[in-house]
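Asks: Model the placement of chain B on the given structure of chain A, informed by the hints.
There are 2 protein chains.
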Amino acid sequence: MNNGKHIASAFDRDLEGIQALIMKMGGLVEANIKDASIALEERDVELAERVRKADKIIDALDVQINEEAARLIALRSPTAGDLRTVLSVMKISTNLERCGDYAKNLAKRTGVLAEMSPIDGAGASLRRMAREVEDMLRLALDAYMQRDAVLAETVRHRDVDVDQMYNGLFREFLTFMMEDPRNISACMHLHFIAKNIERMGDHATSVAEQVIYLVTGEMPDEARPKGDVTSRTHIGVEDD
Amino acid sequence: MNNGKHIASAFDRDLEGIQALIMKMGGLVEANIKDASIALEERDVELAERVRKADKIIDALDVQINEEAARLIALRSPTAGDLRTVLSVMKISTNLERCGDYAKNLAKRTGVLAEMSPIDGAGASLRRMAREVEDMLRLALDAYMQRDAVLAETVRHRDVDVDQMYNGLFREFLTFMMEDPRNISACMHLHFIAKNIERMGDHATSVAEQVIYLVTGEMPDEARPKGDVTSRTHIGVEDD
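Sequences listed follow chains A and B, in order.
So the first sequence is residues 1 to 240, counted in this note's numbering.
So the second sequence is residues 1 to 240, counted in this note's numbering.
Okay, chain A solo, but in the shape it has when bound:
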């Protein structure tokens, strides 16, 4: 990134190459999150299989980015701010790779769910949650390209919405399970899917936090806003 303080150096050119890979990887991950959740909603087993295949490309990009970043450090001996930038790129790549893994896991469970009786409205609810996370990821990567800490901060706040959607789905699935034991198996998978989407949101937030760190020099101070209260939730007939 030429910030006007010095002419474009070999380091800058190398870094731009790695950043182009990050944006390519980010686009593939967003597409896989979208496709995985559509496959889930429409019980489209072939689309789910394409998601699983596409994940291999995402993994390969993560390996490539890490290798090129290490080579860049070894060759150019960057100091301070430039080094921080390269290390951040590596962390962002890891976050994207984890999002990709969760999308692949979603696709795996879709195949199983397609053979069970559907749970009313579950696919649509999960699609909404996934769309929120796709947006967060897109904004986090835009914020990275533009080195925009304010935009990155908005991503952190949207994570609260995702956590609250998760809370709602957690309760909704519990009611289906309590209504009819034959729903339990499908609801277990839906629960794990909802948790995985929530985790994707956490990783998108981590990308945004890396942007804030890059721009300001410090990780965001205040605790990340937490909306997921299900680990403290008492739900069940015992409380009546």
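Wrong hints could be hidden among the right ones.
Stated by the list, open to error - Only part of the chain A face toward chain B is listed, based on derived beta-carbon distances under 10 Å:
id	residue
1	Ala70
2	Leu75
3	Thr79
4	Leu87
5	Phe192
6	Thr230
Simulated from the structure, these hints should not be mistaken for laboratory data.
Bear in mind that the values here come from a model prediction, so they are computed numbers and not experimental data.
Note that CB positions come from ideal geometry on N, CA and C, so glycine has one too.
Replies: Only chain B this time, still in chain A's reference frame:
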């Protein structure tokens, strides 16, 4: 680490300092995994609270290790093998921090579970699973200290055992849920706990894979042995 090829340099001394922090962090994480699972089995809410507090020290160590590693790279401009070592230390720190987070999540759910009717044998089963993961982490860190790729490989294989224990618990908890809807709430928490312990096992395996990478120069080739089949599992009355 003095490998006999050169006298101990400033880089070596700095690296030893960081490795001492990793071993300290690893010890704290192992202790927290142990305490969290004992707290769960014995429904000990005070011990669970101590786990949550201890996690802050683990997080602080991760921050410190990352900062000192970045400073080391900036100051000493290591190349090739030495750079790979420092980058590996940073990855290991991240894996340890994630294990710590899962132990903290376990402790949070313990407080909730302590107020529900216990599920027979669940605490003991989860304690056994957690003990397996503590062992894996201890071995992975020993392998790191000794740069022992053979020992690291054994950790990868033990992850299959942990995945299989998870499969068994998944099925066991499903039966409790189908037996009596009043068990559903507690079983949901137990499911998530089992999944978190399985994920801790994955992170211990990642540490072992970093050791193999450090020693051999390559990440392990063959796909990691996968024992967790629950995402492909059809369980339920529909299959009868």
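Asks: What are the numbers of the hints the structure violates, in ascending order?
Replies: Checked against the structure, no hint fails, so every one of them is satisfied.
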